[in-house]
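Colleague: Protein chains in written order, with my numbering: chain A, -4 to 203; chain B, 27 to 194.
Simulated from the structure, these hints should not be mistaken for laboratory data. Careful: at least some of the hints might be erroneous.
[As the list claims (entries may be wrong)] Here are the in silico distance ranges between beta carbons for each label pair: (1) B:69 / A:9: 28 to 34 Å; (2) A:91 / B:120: 46 to 52 Å; (3) A:115 / B:66: 42 to 48 Å.
[Claimed, not checked] Reference listing, derived: stretches of chain B covered by chain A, where coverage requires no fewer than 3 residues with Cβ under 8 Å from a Cβ of chain A: (4) 48 to 57; (5) 60 to 67; (6) 180 to 188.
A quick note: this is a predicted structure, and the numbers were derived from the prediction, not measured. C-beta atoms are modelled at their ideal positions from N, C-alpha and C, and glycine is treated no differently.
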Amino acid sequence: MKRGISFYIETVVLIVMIVLASTVLVQLFANSASRSRSAAQLMGATSAARSAAEAFSGTETDETVARTLEGVCLTSDDYLSDVVVAYFNDAGGISTADEAALVAVITSEDELQTSGDLRAAHIRIYDASAFVGASDTYQQVLDRASTVSAAYTLETRSFVPMHRIMFPMGPGPVIPSAEQESAMTDTAGAMLQVASAATITTQGANAS
Amino acid sequence: MRLSDTGAGRDTGTGSHVAAVALFAIVILVVLFLVIFGSSVYRSAVAHSAADDSLRATQGYIDTHIQAADAQDAISIGEGPQGSALVISEAGDTATYEVRIYAYEGALVEEYARAGSSYVLANAQRITSCSSFEVSWADEASESHRLLKVTTDAGTTFIALRSDGEVG
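The shape of chain A in the complex, shown without the other chains:
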């Protein structure tokens, strides 16, 4: 009888130890899976932010950034500021709003200078599930962005020279080739000679 009781006590102790050990292992595995998902999301978010930053650097206005990223540009009620919302898949590639895994919220500031526009962008990448039904208006997007923590944040700056602001579709300032420069110098020299000859003639005429 005593032997039977001790056997059951040992069994209970063994089961408790198995449960404890398996709980610890399951927690470890779950933690590992969670970290793996976070790492994959961070990788996608980094790639999305990099792509958004490149699009920002290669364009002149918020509208063109939105058009390039196939997103939307939302304007505030006072028409003074914009926010660009773009959608990315889990690998950081461009996506549609319905299939997006990540949402990029891009706000920018312009600092106009005599030689051009120094633009600074604040790019924040969020999990798309946080923005479901909250990306229709400027205020909705900013409100949601302020309450949800971003998966990745990136600051970038870009300088847009004045000629690109004036002529966004090109061609920009013409840089003459060596031959063209030489021809222009010759022409300018000839014009100067003609002008100086005309001046001498006029002076001669005045003197006489």
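Given the coordinates of chain A, assemble chain B onto it according to the supplied hints.
Modeller: Structure of chain B alone, referenced to chain A:
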């Protein structure tokens, strides 16, 4: 008289035997569950890691090449054997050479050749696995191109050319 010799002793012995087998079964089931759960987590982690590696290898390689060679008119788009090709020109002392990056038979390949020569697939070096690769100008309407649009297995990304901004 020993306990096992009686009927009660035989019952206790049978009960202990059943309990031991049940305990053994529980241990096996728990171990099996842990192995299956652990292997699925490991499989998922490896898949994520492989996808990340592929993404980094493709995008990082193209990014590095473009940033290193970003000069006026150095980057252009050519026609590869299976779609578009990214062409990076490099002026030598006597001739201009090109690095051509394009997709061929499920891989991203690189070919170094004299500018204007035809594509020779035998000379191309395999870089990484990539079933699709398309490159185009994001600002096609503009006369001066500043933004490359690169589409790979992972999706579409952009690379801005800085040379245009510096030179004008």
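Colleague: Next step is simple, just say for each hint if it's right about the structure.
Modeller: Do the hints match the structure? See the list:
{"no.": "1", "hint": "B:69 / A:9: 28 to 34 Å", "verdict": "holds (31 Å)"}
{"no.": "2", "hint": "A:91 / B:120: 46 to 52 Å", "verdict": "holds (50 Å)"}
{"no.": "3", "hint": "A:115 / B:66: 42 to 48 Å", "verdict": "holds (45 Å)"}
{"no.": "4", "hint": "48 to 57", "verdict": "holds (count 4)"}
{"no.": "5", "hint": "60 to 67", "verdict": "holds (count 4)"}
{"no.": "6", "hint": "180 to 188", "verdict": "holds (count 9)"}
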